[in-house]
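Engineer: Read off the chains here:
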Amino acid sequence: MKDLKQFLATCESEALLSDDEAKAEESVPGGLGLVFDFPGDPKKLKDRSKMKLWKQYLQANGRNLTMMHAANFPKLIRVGLPNRLRGEIWEACSGAMYLRFMNQGQFQNLLETYKDKMSLSVEEIEKDLNRSLPEYAAYQTSDGIDSLRRVLTAYSWKDPELGYCQAMNIVTSALLIYMSEEQAFFTLSILCDDYLPGYYSTSMYGALLDQLIFEHLLETTMPMLHEHFKKADIQLSVACLPWFLSLYINSMPLLFAFRVLDCFFMEGPKILFQIGLAVLKINGAELLQATDDGAFMHVLKNFFASLDDPIYPNAETAKARSLTKFNELLLVAYRDFHIVTDTSIRQLRQTHQLKVVAGIESFTKRSAIRNLDDSANLTKDELGVLYDKYYNAIYYDQKRGERSDARMNYVTYERFMGSVANWAKFTARDRTAEREVQLGIGQNFMTRLFEYIDTKKMNGLTFQDVVTGIGHIVRNGLMEQIEFFFNLHDSDKDGYLSKEEVLQLSETLLWLFREKGEEGEHLTGVSGFLKRAYEYLEAKPDEESSNNKYLSLGSCRMIILADETLETFFDHEFAQSFQLTEAPIERQSSLSREIFDSLFAAGSRFASGRGSRRPGLSRTSSKAPSSSTISSIAPDNQVSDPKSDKIGSPSEDSQVVQATPTPSTGTQEAVQKEDDADDDEDEEYGDDVLEEVDRLLDEFEKS
Amino acid sequence: MPKDILKVVIIGDGGVGKTCLRNQFIHKRFTSSYKATIGADFITKDVHTDDGRKVTLQLWDTAGQERFQSLGVSYYRGADACCLVYDTTNFQTFHNLERWRADFLKQSSLPPDLLEDFPLILIGNKIDIDDRVVSRRQARAWAQQHSSPRMEIRCFEASAKDGTNVEEAFSCIAGMVKIPQLEFDMDGSDSFHLNRRDDSLRGRKSCAC
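Those protein sequence lines, which keep their order, are chains V and D. Counting from 1, position 100 in the first sequence corresponds to residue 100 in UniProt numbering; the numbering is continuous, with no gaps. Counting from 1, position 178 in the second sequence corresponds to residue 178 in UniProt numbering; the numbering is continuous, with no gaps.
In case anyone wonders, no lab produced these hints; they're calculated from the structure. Predicted, not measured: the structure shown is a model, and the values here were computed from it. A portion of the hints provided could be inaccurate.
Unchecked claim - Using 25 Å as the maximum straight-line C-alpha spacing, the simulated SDA-like pairs for lysine to any residue come out as follows:
1) D:Lys-54 <-> V:Gly-294
2) D:Lys-45 <-> V:Phe-363
3) V:Lys-380 <-> D:Glu-116
4) D:Lys-54 <-> D:Ser-135
5) V:Lys-549 <-> V:Glu-507
6) D:Lys-161 <-> V:Lys-230
7) V:Lys-127 <-> D:Thr-89
8) V:Lys-5 <-> V:Gln-106
9) V:Lys-231 <-> D:Gln-107
10) D:Lys-106 <-> V:Phe-363
11) V:Lys-230 <-> V:Ala-290
12) D:Lys-106 <-> V:Gly-359
13) V:Lys-231 <-> D:Thr-164
14) V:Lys-365 <-> D:Pro-112
15) D:Lys-45 <-> V:Asn-302
16) D:Lys-106 <-> V:Gly-294
17) D:Lys-106 <-> V:Arg-370
18) V:Lys-127 <-> D:Asp-103
19) D:Lys-45 <-> V:Phe-303
20) V:Lys-231 <-> D:Ile-5
21) D:Lys-106 <-> V:Thr-379
22) V:Lys-43 <-> V:Tyr-57
23) V:Lys-380 <-> V:Ser-419
24) D:Lys-161 <-> V:Glu-126
25) V:Lys-516 <-> V:Lys-540
Said to hold, decoys possible - So these bits of chain D aren't anywhere near chain V, every CB distance computed over 12 Å:
26) Thr-31
27) Ala-36
28) Asp-51
29) Glu-98
30) Asp-117
31) Gln-144
32) Lys-161
Positions of the beta carbon are idealized from the N, C-alpha and C atoms, including for glycine.
Extracted from the complex, chain D is given alone in its bound form (with noise of 0.2 Å):
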């Protein structure tokens, strides 16, 4: 039975609780005894879509610090889609973001003409902490101005200590992957992001006519 593996990368500034909010979507709960993530690390949960369908998050976690970055290690490669995630009380967390979208799409390796619609959602935690600095509307005017008119990108502002939101935004992201790319996956084969590549690029062209 061929399965649905969806990886969804999980990016931002480091110490915003990017494992945090991974670790409470997988274990349902919150722990601060955890370990700074040193280059990056996965977990897979099964989830099931609104449409019904279950797919495997393989949800991949980053280093945070700077320095990571200029390793080209390419934790982006064949991802299906993006979480970025800031510290609603750090305003240069959500500053940051434009740098860390540009460098993932750069680094996804996906065709330029994909770029655009690649599905991302932008997650503000820590909003159980009282002294939030990035307002609502700042995060949903970032997210518009980067939302194409194939994908919305998607805020939540969570909160990986008591759980809020958590699970809606992770599920939402799992929902977001389109389907045709799906049963490319499945395939199986040894060329399948190529095989899903050009899909989506025929899809493309046959919806621009």
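Okay, chain V solo, but in the shape it has when bound (with noise of 0.2 Å):
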């Protein structure tokens, strides 16, 4: 109940409906936009009119965490949130808020714990704190940044494997004007792991998947659009993905990119889906004119410039004339395009991920193997094979860092090994009690094998590292081999072995024979070198005085080679323990494992949209009037509703855009021949929304 006092003080909500009003308001926490002002002219977006609309809705459907989703609530957001409301809204209507309840206090506790860590991430976030939203006066000055470094820091903390990709620092200094730095933590939390999954992670696989789907959804709606951008060679995603991954904040002027989060929020991805898809069909005719990328994306830079361009300028009505392309657009969004539901998006992310896991790992794949400065001779497959075998390791322990720079400790080496090498396998039976001394042994041989190939001393192995050390010792022939354990062994580097480390090299033999079976040849000649070796010890060259007696490398080879196991050993079946070809049960990527994990692991939201997002939501609030209530304010609700595939429910508002006269017709038979059907939908969207909530400002305006 303390929790509740507390969480709620946070609510603008709470404030606009308690009884000093003036007063509670000072104290709740709020976006930038208080400091700095809100962008826009608030007259101009009947702030002062929407915000009383909005109070009533407050008292009539209960508010913040109890809000109720009532038949006019996408109404009142479709035209424009308030300021004041418009980041509590997003973060009720995402599930943000819900998240922010239920783990109140990690954000600073985050902040605290990792204060004045550096990371990769931190180093990428600093460098474009200035170059997020500019043009935001906030953002001019140290206020606007920290605030801004404070929520992209914390986030890369909590999950480190997703780090920080550009276009977050776009969309949270956007969220931040209207949302306090914990809402927008957790708001980014739900875009990272819910709205978008995969955008912003290392592979960005997701923002590849919705640029496929969205190629898709083109194909199946404007066919002559796709055909010429097939035709011209036109890169769709050339102009597309940035729209996506940075919410259109980029590519809009700001106040339009707020329209389309207000929808978005509400109504999820598709939104963004609509939108793009609006904007090609709007501009189709010039579209099918642009013969390159250049052009292509010349005409789409031009629309966006002019969204708040009037459509009818010489209209008689001032209603009319006041109408912009921005309208136009959402309408085309909404009515064109509503068969693009949350549903299908969720079922076209679902049919087309595996291609883009299979497209991502081979480039990532084949530019790492391209990369490499040095490939040791190994083949392409061969390295194929390595490749897949380091990271699949190295995926486990990869909370830190990036790909780029990511070493693998020792922990994971032994791992890896043992994915190449049955030898370097350590079994359950390796690791009990009686085999105490012999493991030991082994990772003796592991450790010095492990120095060995981190030849720059970083106490980790790149890839690089791993290919150069495994390509030489996989490509030595017979005397090399031999030289190569020699010196593996010789721990001071004097060039010879002392009788404890020749006796250290044979341990090392039996070790890596184990598995070979205690009798049998392996074994003698073991024993049978450990002897020999004894009998040929010298003394060195220089110190022939002392009783101390080494071997020399070259008693050492005639040793091996007089015993037939051995040399069978040193001059091919080391060497070939390496399994460097390919093994299909193993070939599962890291890539294919963190989309696994984003399926499963994380109540298989991927799958499922946003299935599982709050759990038992309906029951943590006791002030809801029923169970319903507030989930219905949620996206999910849509998902058991079949009638609701259609933009929300059609009962309620499927005439809930602005219905413009009808806009330039022209591009669109030049786009579509299917208009045909557009008449039916004319008169089901005829109701204008727009004038009813015009007419409610005003008569707000009027009192």
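Given two chains presented individually in distinct reference frames, assemble the corresponding complex, making use of the accompanying hints.
Structural biologist: In structure tokens, the structure reads:
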């Protein structure tokens, strides 16, 4: 209960409805807009009237955690949210509010725990702070920059594997205008985990996936345009990838981008697709003239810059004259692309994901292999196998950095070696008490090998180190292999093996042969080696008087060559023990793991959109008039309600968007020949919602 | 009137000043108020080369963060030239040029035998800052190492902030692109990329004879 009280004190809606509104509002933390002003002219945005409408709405339907989703809810959102409530409605719609309520203090804790700690992400964030939303006044001061730094850094520590991806800075800087740091932090969480899974991950597979889907949707809804892009070899994603990654904030004038965000938080990622398709449709005629990526982007840039232009500058009524291209865009998005639903996006994400995974994985792999300075004479296929095994092993402890500066520590290396060579696999039997001594010998050898591969003495192996090291070992001939083992056990690097070192070499060999059966020629070979090695010990030339005797490389070779089993081992058996050929079962890549993680571990959020986002949400708030009320504000609802597959449920908000007089039909004909169907829909959307809301707003302005 | 459009791609680590160099070249001013490049973006500008040709430079600015590289969106396709940018005050950005060059050549989808002659220039930015860690000599050595007998990588040390050498660098790249390639650009036919390559291949063969 105390938590709840504390939490409610951070909600704008509480202040709005309290007895002493002005006083209460002073203490509610909010966005940078409270200090640096919100973008746009509040009068022109009818902010005061919208606020009054919302006050009424909240009084009637509950607020913050217990807000209900009444019939006019989508309408109120689609005309644009009022400045002071915008942040709270965003977090209520997206579920970030619940996350924040359940994890109070998490944001502050992260900041304190990782205070002054450095990471690659922190460095990358620092580079981008000044280039996020420089046009907004707050980001020209340290207040705004510090806020942005805190939210991005805290998030990078919360999800170190994701860390920081460019575009998150732009999205977050926009959120912070309307939200407190804590609100923005949890909203960012919801975005990364839920609305836009995999968008900002190191492979960015989610963004690629949605690009594929976008292209697919273009093909089904506007085949002519799709065909044209294909013919002209225009890459859709050159222009569209940034739309999705930065939620149009980077592409549209800010005020319009916020309107899109309003809809986005209410209805989910499908809005991004609907807006994108509408942009292409409206500009269809011009796009059909574009013959390369450059011209294509040019058309779209011009369009975004003109969103504030009236569609009917010469119309008779003021109302018609005030309609802008943005109104048209929203209308086309909802009316012409209502077939794009949350369900369909979710299904498409599932259908296309494997394609994306395969594509990225093979790309990163090819480029990593290509970028090796030294392939150590390994073939492409062998390098490919090493790559898979290396990254497979490293995936598990990659909680700290990026792939590029990834180094494999000893523990991971042991696992990696186990996947490359059978003798390096430590089985349960190896770890039993009776084998303790043997285990020590094995780990001793593994450590020597690790140090050998770790040429730069970084106490960690890069992919290049592994390629060079293993490449040499497997290409060693008989004499080189003997020398390699000799040197590996020559701890003091004096060119001789001491008695102790000879013993260690023998032990190593025994350990390597441990799976070959206790009896047999390997055992005989090793004991013969030890016996003869001791016979051939000699004094070093420079200390002939000393009693210390050593084994020289020459004698060592001679002894080994005298034994057929050992000769075979050094000649090819050891080199061949490295399995560098394709083993299909082990080829589960780190990236597919990444995806499977997001599929299963996090409650199959990837597969089912946001199925498991707020477990027990309806139970937590006793204030809820009925259990269905809260969840009804969440898009989850749309999943269970098949009727709502079209923009919300048809009964309440199919007419939601400003029904403008039919927008530029010329382009539509060029793009699509499906306009016949539009006639019916125009009736369906005939009711002018904007007018209705405008009337309400006007009433408040008069009173 | 057909126009010569040269697609020039600017690549390099995040924060080395790719966008600022370009903005300085286009607008003749430096602004610290710009946004990190998400994906890629381009601006065009007409320039006159030394031999009096008028060409339109289509300057493609790209995202520098590493993870954007794996996206495989080929911003490099059909490029006529490439600017490799590093920060003279940050050695890592110089070191990474190797990778940037390799990635570029790979993704430009050029035929392998044309790769080493592809027009590249090197720009070390931020020389206005008194904290140089990459020497002129290092840059020159790198350029020499990656030049081919038919294509010399020119090095520039520039400052997007005060404008030093910016104009020079971009004009240089406009001059580097060979004229025969341009003539094929002017055809404007659907398959000019193919034509151009065929032509270059032929040119190469005849030279080798």
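Engineer: It remains to establish, for every hint, whether it holds in the given structure.
Structural biologist: Verification of the hints:
1. Proposed proximity of Lys-54 (chain D) and Gly-294 (chain V) is supported: the alpha carbons are some 19 Å apart, at most 25 Å.
2. A C-alpha spacing of about 33 Å is found between Lys-45 (chain D) and Phe-363 (chain V), which places the hinted pair above 25 Å, so the restraint is violated.
3. Taking the CA atoms of Lys-380 (chain V) and Glu-116 (chain D), the gap is near 22 Å; set against the 25 Å cutoff, the hint holds.
4. Note on Lys-54 (chain D) and Ser-135 (chain D): the hinted pairing is violated, with a Cα-Cα distance of about 34 Å set against a maximum of 25 Å.
5. At most 25 Å may separate the alpha-carbon atoms for a hinted pair to count; Lys-549 (chain V) and Glu-507 (chain V) meet this at roughly 19 Å.
6. The suggested pairing of Lys-161 (chain D) with Lys-230 (chain V) is violated, with an alpha-carbon distance near 41 Å, which exceeds 25 Å.
7. For a cut-off of 25 Å, the pair hint linking Lys-127 (chain V) to Thr-89 (chain D) stands: about 14 Å separates their Cα positions.
8. Proposed proximity of Lys-5 (chain V) and Gln-106 (chain V) is supported: the alpha carbons are some 17 Å apart, at most 25 Å.
9. Restraint check: the Cα-Cα separation between Lys-231 (chain V) and Gln-107 (chain D) comes to about 20 Å, which is no more than 25 Å; the hinted pair holds.
10. In summary, the hint linking Lys-106 (chain D) to Phe-363 (chain V) is supported, as the alpha carbons are separated by about 11 Å, within the 25 Å threshold.
11. Taking the CA atoms of Lys-230 (chain V) and Ala-290 (chain V), the gap is near 12 Å; set against the 25 Å cutoff, the hint holds.
12. This hinted pair checks out: Lys-106 (chain D) and Gly-359 (chain V) have alpha carbons roughly 16 Å apart, not beyond 25 Å.
13. Simply put, Lys-231 (chain V) and Thr-164 (chain D) have alpha-carbon atoms about 42 Å apart, too far for the 25 Å limit, and the pair is violated.
14. Annotation: proposed proximity of Lys-365 (chain V) to Pro-112 (chain D) holds, straight-line Cα distance about 20 Å (limit 25 Å).
15. Distance check on the hinted pair: Lys-45 (chain D) and Asn-302 (chain V) sit about 17 Å apart at the alpha-carbon level, within 25 Å; holds.
16. For a cut-off of 25 Å, the pair hint linking Lys-106 (chain D) to Gly-294 (chain V) stands: about 21 Å separates their Cα positions.
17. Of the supplied pair hints, the one linking Lys-106 (chain D) and Arg-370 (chain V) holds, its CA atoms being roughly 9 Å apart against a limit of 25 Å.
18. This hinted pair checks out: Lys-127 (chain V) and Asp-103 (chain D) have alpha carbons roughly 23 Å apart, not beyond 25 Å.
19. Taken as a hint, the Lys-45 (chain D) and Phe-303 (chain V) pair is honoured in the structure, with Cα atoms around 21 Å apart against an allowance of 25 Å.
20. A hinted pair counts as satisfied when its Cα atoms are at most 25 Å apart, and Lys-231 (chain V) with Ile-5 (chain D) qualifies at roughly 20 Å.
21. Among the hinted pairs, Lys-106 (chain D) with Thr-379 (chain V) is consistent with the structure: their alpha-carbon atoms are about 19 Å apart, no more than 25 Å.
22. A C-alpha spacing of about 21 Å is found between Lys-43 (chain V) and Tyr-57 (chain V), which places the hinted pair at or below 25 Å, so the restraint holds.
23. Distance check on the hinted pair: Lys-380 (chain V) and Ser-419 (chain V) sit about 19 Å apart at the alpha-carbon level, within 25 Å; holds.
24. Among the hinted pairs, Lys-161 (chain D) with Glu-126 (chain V) is consistent with the structure: their alpha-carbon atoms are about 20 Å apart, no more than 25 Å.
25. At most 25 Å may separate the alpha-carbon atoms for a hinted pair to count; Lys-516 (chain V) and Lys-540 (chain V) exceed this at roughly 36 Å.
26. A beta-carbon of chain V comes within 12 Å of the beta-carbon of Thr-31 (chain D); the shortest separation is about 8 Å.
27. The claim that Ala-36 (chain D) is not at the interface with chain V is violated, since a C-beta of that chain comes within 12 Å of its own (minimum 5 Å).
28. Asp-51 (chain D), annotated as away from the interface, keeps every beta carbon of chain V farther than 12 Å; the closest lies near 24 Å.
29. Distance check on Glu-98 (chain D): its Cβ comes as close as 8 Å (rounded) to a Cβ of chain V, failing to clear the 12 Å threshold; non-interface status is violated.
30. Every beta carbon of chain V lies more than 12 Å from that of Asp-117 (chain D), the smallest distance being close to 19 Å; the non-interface claim holds.
31. Residue placement check: Gln-144 (chain D) keeps its beta carbon more than 12 Å from all beta carbons of chain V (closest about 18 Å).
32. Residue-level check passed: Lys-161 (chain D) sits 14 Å from the nearest beta carbon of chain V, beyond 12 Å.
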